[in-house]
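S.K.: Residues per chain, in single letters:
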Amino acid sequence: GDSVTQMEGPVTLSEEAFLTINCTYTATGYPSLFWYVQYPGEGLQLLLKATKADDKGSNKGFEATYRKETTSFHLEKGSVQVSDSAVYFCALKTSYDKVIFGPGTSLSVIP
Amino acid sequence: NAGVTQTPKFRILKIGQSMTLQCAQDMNHNYMYWYRQDPGMGLKLIYYSVGAGITDKGEVPNGYNVSRSTTEDFPLRLELAAPSQTSVYFCASSDQRGQKNTEAFFGQGTRLTVV
Numbered sequence: 716g717d718s719v720t721q722m723e724g725p726v727t728l729s730e731e732a733f734l735t736i737n738c739t740y741t742a743t744g745y746p747s748l749f750w751y752v753q754y755p756g757e758g759l760q761l762l763l764k765a766t767k768a769d770d771k772g773s774n775k776g777f778e779a780t781y782r783k784e785t786t787s788f789h790l791e792k793g794s795v796q797v798s799d800s801a802v803y804f805c806a807l808k809t810s811y812d813k814v815i816f817g818p819g820t821s822l823s824v825i826p
Numbered sequence: 018n019a020g021v022t023q024t025p026k027f028r029i030l031k032i033g034q035s036m037t038l039q040c041a042q043d044m045n046h047n048y049m050y051w052y053r054q055d056p057g058m059g060l061k062l063i064y065y066s067v068g069a070g071i072t073d074k075g076e077v078p079n080g081y082n083v084s085r086s087t088t089e090d091f092p093l094r095l096e097l098a099a100p101s102q103t104s105v106y107f108c109a110s111s112d113q114r115g116q117k118n119t120e121a122f123f124g125q126g127t128r129l130t131v132v
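Each protein sequence line maps, in turn, to chains G and D. In terms of my numbering, the first sequence is residues 716 to 826. In terms of my numbering, the second sequence is residues 18 to 132.
Hints in this document: simulated from the structure, not taken from any laboratory. All values reported here derive from a predicted model rather than from experimental measurement. All residues carry an ideal CB built from backbone N, CA and C; glycine is no exception. One or more of the hints may lead you astray.
Said to hold, decoys possible - Restraint ranges, calculated between C-beta atoms of paired labels, are given here: (1) D:SER86 x G:THR743: 30 to 40 angstroms; (2) D:PRO78 x G:GLY776: 30 to 40 angstroms; (3) G:GLN796 x D:MET58: 39 to 49 angstroms; (4) G:SER729 x D:ALA69: 27 to 37 angstroms.
Unchecked claim - Simulated pairs of lysine to aspartate or glutamate, EDC-like, Cα-Cα distance not exceeding 20 angstroms: (5) D:LYS74 x G:ASP717; (6) G:LYS813 x D:GLU96; (7) G:LYS767 x G:GLU757; (8) D:LYS26 x D:GLU76; (9) G:LYS767 x D:ASP90; (10) D:LYS61 x G:ASP812; (11) G:LYS771 x D:ASP55; (12) D:LYS74 x G:ASP812; (13) G:LYS792 x D:GLU96; (14) D:LYS74 x D:ASP90; (15) G:LYS767 x D:GLU89; (16) G:LYS792 x G:GLU731; (17) G:LYS783 x G:ASP717; (18) D:LYS26 x G:ASP812; (19) G:LYS792 x D:ASP55; (20) G:LYS813 x G:GLU730; (21) D:LYS61 x G:ASP717; (22) G:LYS792 x G:ASP717; (23) D:LYS61 x G:GLU784; (24) D:LYS61 x G:GLU730; (25) G:LYS775 x G:GLU723; (26) G:LYS775 x D:GLU120; (27) G:LYS792 x G:ASP812; (28) G:LYS767 x G:GLU784; (29) G:LYS771 x G:GLU757; (30) D:LYS26 x D:ASP73; (31) D:LYS61 x D:ASP43; (32) G:LYS783 x D:GLU76; (33) G:LYS771 x D:GLU76; (34) G:LYS813 x D:GLU76; (35) G:LYS783 x G:ASP770.
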């Protein structure tokens, strides 16, 4: 069945460091891909998305490119801030099935 | 626009008690989901529904029941609360009428403690 794999956390970075969180997926057909973020004590909210191969989603300085050839959707940010500390979830959705989430990656950014 | 509303936000139950977690969405979404999130862990799907009158089990359905009598509401029932059900519960909804690029919207969560 469909699945999403993310890099193990937790990840701890200094402010202004470069961030990469790896995400790979397995799916039949051509899913849409998403990154969600969960700030402490809150629910999940959409960070960015991409709907087809080679699309790049971007928001709040974060970017991810839909790579069909490597079945990946890695999240990147050039310079993280303390306010980026959160848990990040990669997810996929096909047309007629439920959303599939990865296990989440916890990010802590220290001043 | 309220989105997905969960009640209550916090609840403490004694072992063996029952309760219903409420979830309502006002976006006319066909899919609705219940997840639980244990400390430091990811989301585990409990139940989901693809439309009114239709529900299906997720990864961890034991100890829970759901119903979907309307498009808007998707309550989660705990019949005999156990300490293992201490968790944060999230309800979510999405519109999947052939449009795969619409995201899931989440409620703020219900923090449940069973003592």
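S.K.: Against this structure, judge whether each hint is valid.
M.R.: Against the structure, the hints:
1. D:SER86 x G:THR743: 30 to 40 angstroms: With a Cβ separation near 32 angstroms, SER86 (chain D) and THR743 (chain G) satisfy 30 to 40 angstroms, so the hint holds.
2. D:PRO78 x G:GLY776: 30 to 40 angstroms: Check passed, 39 angstroms falls within 30 to 40 angstroms.
3. G:GLN796 x D:MET58: 39 to 49 angstroms: Violated, at about 26 angstroms.
4. G:SER729 x D:ALA69: 27 to 37 angstroms: Check failed, 50 angstroms falls outside 27 to 37 angstroms.
5. D:LYS74 x G:ASP717: holds (16 angstroms)
6. G:LYS813 x D:GLU96: Between LYS813 (chain G) and GLU96 (chain D) the Cα gap is close to 26 angstroms, so the pair fails against 20 angstroms, i.e. violated.
7. G:LYS767 x G:GLU757: violated (29 angstroms)
8. D:LYS26 x D:GLU76: violated (24 angstroms)
9. G:LYS767 x D:ASP90: violated (32 angstroms)
10. D:LYS61 x G:ASP812: holds (16 angstroms)
11. G:LYS771 x D:ASP55: violated (32 angstroms)
12. D:LYS74 x G:ASP812: Since the Cα atoms of LYS74 (chain D) and ASP812 (chain G) sit roughly 13 angstroms apart, the hinted pair holds (cutoff 20 angstroms).
13. G:LYS792 x D:GLU96: violated (45 angstroms)
14. D:LYS74 x D:ASP90: Holds, because 17 angstroms separates the two Cα atoms, which is no more than 20 angstroms.
15. G:LYS767 x D:GLU89: violated (30 angstroms)
16. G:LYS792 x G:GLU731: Given pair LYS792 (chain G), GLU731 (chain G) holds - Cα atoms ~9 angstroms apart, limit 20 angstroms.
17. G:LYS783 x G:ASP717: Judged against 20 angstroms, a Cα distance of about 15 angstroms means the pair holds.
18. D:LYS26 x G:ASP812: violated (29 angstroms)
19. G:LYS792 x D:ASP55: violated (28 angstroms)
20. G:LYS813 x G:GLU730: Distance ~36 angstroms between LYS813 (chain G) and GLU730 (chain G) Cα, so the pair is violated.
21. D:LYS61 x G:ASP717: Judged against 20 angstroms, a Cα distance of about 15 angstroms means the pair holds.
22. G:LYS792 x G:ASP717: violated (27 angstroms)
23. D:LYS61 x G:GLU784: violated (29 angstroms)
24. D:LYS61 x G:GLU730: Outside the cut-off at roughly 31 angstroms; violated.
25. G:LYS775 x G:GLU723: With Cα atoms ~23 angstroms apart, LYS775 (chain G) and GLU723 (chain G) exceed 20 angstroms; violated.
26. G:LYS775 x D:GLU120: holds (17 angstroms)
27. G:LYS792 x G:ASP812: violated (30 angstroms)
28. G:LYS767 x G:GLU784: holds (12 angstroms)
29. G:LYS771 x G:GLU757: Violated. LYS771 (chain G) to GLU757 (chain G) sits at ~26 angstroms, over the 20 angstroms cutoff.
30. D:LYS26 x D:ASP73: violated (25 angstroms)
31. D:LYS61 x D:ASP43: At roughly 24 angstroms apart (the allowed maximum being 20 angstroms), ASP43 (chain D) and LYS61 (chain D) break the hint.
32. G:LYS783 x D:GLU76: violated (27 angstroms)
33. G:LYS771 x D:GLU76: violated (31 angstroms)
34. G:LYS813 x D:GLU76: holds (13 angstroms)
35. G:LYS783 x G:ASP770: holds (10 angstroms)
When each numbered hint is compared with the structure, violations occur for hints 3, 4, 6, 7, 8, 9, 11, 13, 15, 18, 19, 20, 22, 23, 24, 25, 27, 29, 30, 31, 32, 33.
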